[in-house]
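Participant: Take the sequences, apply the hints, and build the full model.
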Amino acid sequence: MTRVLLDPTSERSPVRRERLPRLDSLDGKTVGLLDISKPRGDIFLNRLQLELEKRGARVERFRKPTFTKPAPVDLRHEIATRCDAVIEALAD
Amino acid sequence: MTSLPPLPEGLVAFVKRDCPTCLLVEPVLLQLAKQAPLTVFSQDDPEFPDGVDSVDDSSLEKSWHHQIDTVPTLLRVKDGVEVERRLGWHREEWQATSGIDGLGPGLPDWRPGCGSLSVDPNLTSELAVRFGASTLRSRRVELAEAEDEMEAMFDRGWSDGLPLVAPTEARVLAMLEATTRSADETVAVVPPDLVDCTVEKIAINAVMAGCKPEYLPVVIAALEAACTDEFNMHGLLATTMPAGPVIIVNGPIRRRIGMNSGNNVFGQGNRANSTIGRALQLVIRNVGGGRPGEVDRAAHGNPGKLSFCFAEDEEGSPWEPLSVTLGKDAGVDTVTLFPGEGPRCIVDQISRDPDSLARSFAVNLRTLHHPKLALAFDCMLAIGPEHSRIFRQAGWSKQRLLDRLGELLQIPGSELVRGADGIAEGLPAGVKGATLPKFLPGGLLLVHCGGGAGLFSAMIGGWVRGSLGSQPVIREIRP
Numbered sequence: 720m721t722r723v724l725l726d727p728t729s730e731r732s733p734v735r736r737e738r739l740p741r742l743d744s745l746d747g748k749t750v751g752l753l754d755i756s757k758p759r760g761d762i763f764l765n766r767l768q769l770e771l772e773k774r775g776a777r778v779e780r781f782r783k784p785t786f787t788k789p790a791p792v793d794l795r796h797e798i799a800t801r802c803d804a805v806i807e808a809l810a811d
Numbered sequence: 386m387t388s389l390p391p392l393p394e395g396l397v398a399f400v401k402r403d404c405p406t407c408l409l410v411e412p413v414l415l416q417l418a419k420q421a422p423l424t425v426f427s428q429d430d431p432e433f434p435d436g437v438d439s440v441d442d443s444s445l446e447k448s449w450h451h452q453i454d455t456v457p458t459l460l461r462v463k464d465g466v467e468v469e470r471r472l473g474w475h476r477e478e479w480q481a482t483s484g485i486d487g488l489g490p491g492l493p494d495w496r497p498g499c500g501s502l503s504v505d506p507n508l509t510s511e512l513a514v515r516f517g518a519s520t521l522r523s524r525r526v527e528l529a530e531a532e533d534e535m536e537a538m539f540d541r542g543w544s545d546g547l548p549l550v551a552p553t554e555a556r557v558l559a560m561l562e563a564t565t566r567s568a569d570e571t572v573a574v575v576p577p578d579l580v581d582c583t584v585e586k587i588a589i590n591a592v593m594a595g596c597k598p599e600y601l602p603v604v605i606a607a608l609e610a611a612c613t614d615e616f617n618m619h620g621l622l623a624t625t626m627p628a629g630p631v632i633i634v635n636g637p638i639r640r641r642i643g644m645n646s647g648n649n650v651f652g653q654g655n656r657a658n659s660t661i662g663r664a665l666q667l668v669i670r671n672v673g674g675g676r677p678g679e680v681d682r683a684a685h686g687n688p689g690k691l692s693f694c695f696a697e698d699e700e701g702s703p704w705e706p707l708s709v710t711l712g713k714d715a716g717v718d719t720v721t722l723f724p725g726e727g728p729r730c731i732v733d734q735i736s737r738d739p740d741s742l743a744r745s746f747a748v749n750l751r752t753l754h755h756p757k758l759a760l761a762f763d764c765m766l767a768i769g770p771e772h773s774r775i776f777r778q779a780g781w782s783k784q785r786l787l788d789r790l791g792e793l794l795q796i797p798g799s800e801l802v803r804g805a806d807g808i809a810e811g812l813p814a815g816v817k818g819a820t821l822p823k824f825l826p827g828g829l830l831l832v833h834c835g836g837g838a839g840l841f842s843a844m845i846g847g848w849v850r851g852s853l854g855s856q857p858v859i860r861e862i863r864p
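Sequences listed follow chains A and B, in order.
Residues in the first sequence are numbered consecutively from 720, following this note's numbering.
Residues in the second sequence are numbered consecutively from 386, following this note's numbering.
These are calculated hints, taken from the structure and not from any lab test.
Honestly, I wouldn't trust all of these hints.
Unchecked claim - Straight-line alpha carbon distances no greater than 25 Å define the calculated DSS-like cross-link-like pairs of lysine-lysine that follow:
1. B/K463 with A/K757
2. A/K788 with A/K757
3. A/K757 with B/K817
4. B/K419 with B/K463
Facilitator: Now the structure itself:
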């Protein structure tokens with residue numbers, strides 16, 4: 720007798736989206752720095768900002784309300800529309 | 386649904402040998418067979434009734450489709466349509482339906498029938514599947530002849546590492562019988578993939594976890610609680626800390642489904658405790674897509690992430706249950722979700738006065754996660770019966786104990802700052818002159834449970850507290 724089980728999963732087939740091409744140069748580009756609100760993340764990001772600006776990039780800073788939850792959708796959208804690239808910093 | 390199988394013209398009887406009323410009317414069926422067109426469908430023995438050429442309905446196909454719930458049932462069929470139905474034995478009714486007088490001389494006038502096999506609770510789910518009445522929407526996964534069922538489920542990544550019960554359609558339908566909710570009702574949006582989760586998907590995972598159907602409402606309520614923004618299951622899953630969802634059950638349902646609140650309360654050996662928490666975790670794994678090494682980044686985890694679920698010992702407690710402290714009425718069935726690590730024993734076999742015991746609790750609670758960290762974590766203190774007796778005898782209320790613990794857990798900032806005691810870990814130097822509580826208000830929850838012998842309690846450490854992390858969430862259990 721054929722055994723048939725019911726699928727316990729979400730049965731989703733996530734849509735795969737192509738990544739944007741890597742930037743050729745940072746010159747004149749806007750780079751978002753996303754602080755996830757872990758302690759001392761700002762120290763790391765401050766340093767990154769200096770290095771990026773030296774290379775001609777414009778930097779915008781963003782911050783998640785808490786590191787324990789995903790970034791709110793509006794924040795993600797804002798970063799996507801305002802930046803050419805984003806760096807998300809873990810810390811501790 | 387398969388089409389309704391036709392019935393033969395004339396009189397049609399459904400019987401089973403395992404029914405005293407069917408045995409009683411055996412001579413009546415013989416009488417009818419001689420005088421009228423009669424077809425007898427026998428559910429359990431095609432040789433029954435003796436002397437009548439009956440039709441084997443041991444597949445229950447005819448009985449199920451024609452919704453026979455009692456045997457004997459006598460029908461009259463005209464032009465392919467059922468025009469009369471008589472349940473059990475009633476001489477006048479049978480005579481009226483058959484048009485034949487003098488049926489069953491010497492028999493009592495009336496006898497109720499028995500349940501039809503087609504409505505046997507042990508068979509109904511299987512029959513619904515067999516005859517195509519299932520409305521379940523999940524994808525059917527067909528296993529090859531040579532495929533080992535257990536291995537097939539491991540191979541598909543459905544398991545938490547332990548063997549699973551195969552989620553057949555019949556088992557899932559039986560599971561769904563235990564809730565009044567519709568199988569297609571969406572209960573929660575499950576992280577990390579943020580998937581709408583239906584009652585049906587919960588039932589499938591509950592079957593796999595080994596739940597009995599009567600546990601399902603608890604699993605549903607636990608999932609509802611886990612998937613709130615306050616509880617933040619996403620963060621709890623993703624954290625590098627070892628915590629996972631801890632489920633505490635209050636209310637009469639604890640006893641009804643046989644949960645353990647006594648000996649070995651956090652341990653193995655009780656089916657409800659072991660499988661309800663497991664079902665929740667399987668839903669997060671299979672529906673939400675939350676798997677260790679992927680979004681689950683725990684450095685160590687803890688064995689309770691397989692299942693950490695227990696009942697409070699309300700009857701033996703000197704105090705109101707946890708659910709009442711959290712604002713629910715006494716006697717209401719609830720689940721409380723707490724973001725917790727594994728339990729740790731607090732030994733005090735000497736204290737016989739409440740203040741000494743409170744001090745023992747406090748020095749242990751001080752060490753939660755690190756003796757030099759404060760304010761950031763909650764804790765659940767599980768007080769055992771031999772300890773609670775000391776507070777009962779001294780007349781201490783729950784609030785009095787909490788207040789005393791609050792006093793004892795005021796810590797000088799000088800002990801907490803980074804570098805103090807030669808330990809780099811600690812709070813920033815700015816708190817040096819302050820006095821800080823180990824726990825913020827509401828951060829210490831008391832629950833009563835454990836075996837009757839042993840002067841022990843236990844502490845279950847929390848995770849990042851409050852709106853930045855996770856808060857305990859209570860939900861009522863609905864049937």
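Participant: Which earlier hints turn out false for this structure, listed by number in ascending order?
Facilitator: 1
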